[in-house]
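K.L.:
Below are the chains, spelled out letter by letter.
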Amino acid sequence: MSAPAITMDVRRIGDEVAVVDIKGDVTAACEPVLMSAYEAASDGKTTRLVLNFAGLEYMNSGGIGMLVTLLVRANRQRQQLAAFGLTEHYREIFELTRLDEAIAIYDSEEAALDGIGDRR
Amino acid sequence: MTETAGPDRVRSPEQIGLSAREAAAPPVPEDQKESPRNAASWAKKVERLEVDPRQGVRGTNVAGRRLTGPVQGFGKMWQKSYRMKAPPGTTPEQAIATWKEHFPEFWPKGNRFAGALTGINPGDVALLDLAIGGGVKLSTGVFVLYADAESFTLMTPQGHMFAGWITFSAEREGAQDGAQDGPQDGGETTVQALVLMRANDPLYEIGMMFGGHRKEDKFWAATLTALGRRLGVADPTVETKTTCVDTKRQWRHANNIWHNSAIRSVFQTLGAPLAGLARLFRHENQAT
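First to last, the protein sequences are chains A and B.
Using my numbering, the first residue of the first sequence is number 2, and each one after it goes up by one.
Using my numbering, the first residue of the second sequence is number 1073, and each one after it goes up by one.
It is worth saying that the hints were derived from the structure and are not from the lab.
Do not rely on the hints blindly, as some may be mistaken.
[Stated by the list, open to error] Facing chain A, a subset of chain B residues (Cβ under 10 Å, in silico):
no., residue
1, Arg1109
2, Asn1110
3, Trp1114
4, Gly1141
5, Pro1142
6, Tyr1218
7, Asp1220
8, Thr1225
9, Ser1241
10, Leu1266
11, Asp1318
12, Arg1321
[As the list claims (entries may be wrong)] Now the in silico label distances, taken between C-beta atoms and shown as ranges:
no., chain 1, residue 1, chain 2, residue 2, range
13, A, Gly15, B, Arg1138, 33 to 43 Å
14, B, Val1118, A, Asp115, 42 to 52 Å
15, A, Glu111, B, Ala1298, 48 to 58 Å
16, A, Asp115, B, Lys1117, 24 to 34 Å
17, B, Val1118, A, Ala112, 21 to 31 Å
18, A, Glu96, B, Arg1286, 46 to 56 Å
19, B, Val1338, A, Glu111, 48 to 58 Å
20, B, Ala1169, A, Asp16, 26 to 36 Å
21, B, Val1338, A, Glu96, 49 to 59 Å
22, A, Ala112, B, Ala1306, 51 to 61 Å
All C-beta atoms in this analysis are idealised placements derived from N, C-alpha and C, irrespective of residue type, glycine included.
Based on the provided sequences and hints, a complete structural model is requested.
P.N.:
The following block contains the structure:
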């Protein structure tokens, strides 16, 4: 069996923050994986969710659509979303699709954890 | 000080639907991560749309507009898929190449899509005239956000009926394990139009509630049927699936109505004779 095209590792940072480390290809096909990761990250009192794209290798428009769906679910739970680790290319894609207006983008995990706390 | 608990690993169970070709693709070396393998498939960033005049369409309500995604829309958020099986032996690449090449021809009568002469490429802006009844054409446009051999995505500008994007794609389903994608792999190709959208403003939302969704469903079903006939399907059957992703309306975006292209198109249609007279008058003044 060949290696999976994507993995999403969930790390908890205290009670209220979870970081999802995304490694691989983000396409519409990985929606079950992302949603499972979201469920794992949303256990308990999570109010802030940080997506780590440092391991992102590829994302198509289906992947962007899937992030919008994730955003809706997070908004429903009154959770904030942030992202870091995006390459310049994918940062521009977030800006082009105006996803950056809903998912705050940071340069590093530290900045994301600080920033998303300040936005509360 | 932050404390980090151990990871809960979530893995895809079985290549989560990737094609054999995608799964077999070599991993991207570390030193190439700055230019992803699909970088050329994405449009370059634009702040506002720029357009050239095109024959056969009015071409208004697009230049200077910003793009709008589902985040910027007003109404409930919907995901709609329209799917159809391509004839046996058709590869996803062939289906998408045909779709791109003849895209305007598949549109239902009375609607016009004026794209770039070079086809459908990332960053292109196409101008649209859409029949909305009463002899009025709604003039708007779309931006080609993404295009590769197996899919392309169009995104809408301010003033369009909806804020969001439509992805047209084709994929191979049911292929035998280990077989290369192609006519002999035992699978079949399915083509799909996937819409992720919110009505752009309150007026459009009312329109969608009272017949707009039905009209849109008919539009894309007719488009896929025309594509199916071109691909050689004798009796194309389109399967439609609609999901309300978010029942909430985003009232903070109600003022999107300022850009409403339907309202502007009505005024542009009514004002066309006066504008023509004014042009004629100016021309005669310059001649004398």
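K.L.:
Could you tell me which of the numbered hints above are not met by this structure, giving the numbers in increasing order?
P.N.:
Those not satisfied are hints 12, 14, 18, 20, 21.
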